[in-house]
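One letter stands for each residue in the lines below.
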Amino acid sequence: AQSVSQHNHHVILSEAASLELGCNYSYGGTVNLFWYVQYPGQHLQLLLKYFSGDPLVKGIKGFEAEFIKSKFSFNLRKPSVQWSDTAEYFCAVQSQGNLIFGKGTKLSVKP
Amino acid sequence: DTAVSQTPKYLVTQMGNDKSIKCEQNLGHDTMYWYKQDSKKFLKIMFSYNNKELIINETVPNRFSPKSPDKAHLNLHINSLELGDSAVYFCASSRTTATAVGGELFFGEGSRLTVL
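As you go down the protein sequences, you meet chains A and B in turn. Counted from 1, the first sequence has number 40 at position 40 by the working numbering; the numbering is strictly sequential. Counted from 1, the second sequence has number 74 at position 74 by the working numbering; the numbering is strictly sequential.
Bound conformation, chain B alone (with noise of 0.2 Å):
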């Protein structure tokens, strides 16, 4: 079984359209990420949700909008895409976000978008 979901694995779409990554995890935690990698394989947090809450909410263009209907699911939809919108997409889910308790970060596989 897998244990954080994304779909789909690999999206090619024209500037300007909008598109939906979806994703779901099955370990029962209770937040869920959205991190972007680029072409350098930076990785960067873009949101956080805790129990259908939002915690994390970095500077991220109001395009990219997540939306968490349980706290198994988290969402991403982006608006209007653009060029620089190329990325690879990584969603992760954690038991906990309490440092004292360490949440280790589970990810998915990764939405490759391809912006042409």
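So here's chain A without its partners, still in its complex pose (with noise of 0.2 Å):
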């Protein structure tokens, strides 16, 4: 069965930190890939997502993500965190149309 892996439950940066939060997923087929953000209180917004083409994947509000194959890994960045980044973010991956989510990483951001 597939799943899908966020090391960290719980980040705290301050702000102008970089980002890097991790995804890991175990599915040998072919997948698509998301990040969702869940501010507080809110519902899940989609960041970014992978389908096919540059592993490289730009989203909103300056966060980019990469696809490693071999690694089955789907990372998300920002070079730098502001406040108002403090969320929840969950990976997803998405397969014969059924799409798992990771357990999600809180990130709390000091200003």
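Any given hint could be a false lead.
[Said to hold, decoys possible] Here are the simulated DSS-like pairs of lysine-lysine, each with C-alpha atoms no more than 27 Å apart in a straight line:
| hint | chain 1 | residue 1 | chain 2 | residue 2 |
| --- | --- | --- | --- | --- |
| 1 | A | Lys49 | A | Lys61 |
| 2 | B | Lys41 | A | Lys106 |
| 3 | B | Lys9 | A | Lys106 |
| 4 | B | Lys19 | A | Lys61 |
| 5 | B | Lys9 | A | Lys103 |
[What the hints assert, rightly or not] Examples of chain A residues lying across from chain B (beta carbon under 7 Å, computed):
| hint | residue |
| --- | --- |
| 6 | Leu44 |
| 7 | Leu46 |
| 8 | Leu48 |
| 9 | Lys49 |
| 10 | Glu88 |
| 11 | Phe101 |
| 12 | Lys103 |
| 13 | Gly104 |
| 14 | Ser108 |
Treat the hints as calculated values from the structure; they're not laboratory data. Keep in mind that this is a model prediction, so the values were computed, not measured. Even glycine gets a Cβ: it sits at the ideal position worked out from N, Cα and C.
Take the two lone chains and join them into the complex the hints point to.
What follows is the structure in structure tokens.
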């Protein structure tokens, strides 16, 4: 069965620090990859997605992610975080119509 | 205009009651979903409907029954509510389920269910 692992449960950073959130998945076939963000008290919103092509994907709000097929990874990065990036971040993998989420990483940014 | 709307947003009820959560999408999507997010923020798919047909039915108690009167609506009915049903339930929709195309999900704002 496919699964998605997010290694960091809670990340605490100061403003302007760089961010990298890890995501690994287990599935050998063709997949689509997503990062969703959930701000406090809100619904999930799409940050970025990878279907094919350039493995370095740029999303909204300065986020980017890199798909490394050999490592089954899709890590999320941002060079300089802001207080407003405080949220829960979910990696998700889609195959055969089923979207599986990781357990999420809570990001807290200190002003 | 809200793309995926759920009602009610908050629901507090007693154990043993029956309740429903409604979901509507105005995006013209073919596929709709119900996800459950527990207190640890873990998101788990419950059901998926494509053009009113059930295509994903994860291991969910029989007390949960989805109903899709048309492809723009997917309602969730829960019988005999239990304490463990307390969670936030998210409805979502996508244009397609085809992996090759990549069906991005659009989520509703969630319905927070509290069972006392």
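Hints and how they fare:
1. With a C-alpha separation of about 14 Å, the suggested pair Lys49/A and Lys61/A falls inside the 27 Å cut-off, and the hint holds.
2. For the hint linking Lys41/B to Lys106/A, the alpha-carbon distance of about 9 Å falls within 27 Å, and the restraint holds.
3. Distance restraint check for Lys9/B and Lys106/A: the Cα-Cα separation of roughly 23 Å lies within the 27 Å cut-off, and the hinted pair is therefore satisfied.
4. Annotation: proposed proximity of Lys19/B to Lys61/A is violated, straight-line Cα distance about 38 Å (limit 27 Å).
5. For the hint linking Lys9/B to Lys103/A, the alpha-carbon distance of about 23 Å falls within 27 Å, and the restraint holds.
6. A hinted interface residue such as Leu44/A counts as satisfied when its beta carbon comes closer than 7 Å to some beta carbon of chain B; here the least separation is about 4 Å, so the hint holds.
7. Because the beta carbon of Leu46/A sits about 6 Å from the nearest beta carbon in chain B, less than 7 Å, this interface hint is met.
8. The closest approach between the C-beta of Leu48/A and any C-beta of chain B is roughly 10 Å, which is over the 7 Å cut-off, so the hint fails.
9. For Lys49/A, the interface hint holds, since its Cβ comes within 7 Å of a Cβ in chain B; the closest pair sits about 6 Å apart.
10. With a least beta-carbon distance of about 6 Å to chain B, the hint placing Glu88/A at the interface is held under the 7 Å criterion.
11. Taken as an interface hint, Phe101/A checks out: its beta carbon lies about 4 Å from the nearest beta carbon of chain B, inside 7 Å.
12. The restraint placing Lys103/A at the interface with chain B holds, with a minimum CB-CB distance near 5 Å, inside the 7 Å limit.
13. For Gly104/A, the suggested interface contact is upheld, since its CB lies about 5 Å from the closest CB of chain B, less than 7 Å.
14. The closest approach between the C-beta of Ser108/A and any C-beta of chain B is roughly 14 Å, which is over the 7 Å cut-off, so the hint fails.
Checked against the numbered hints listed earlier, the structure breaks hints 4, 8, 14; every other hint is satisfied.
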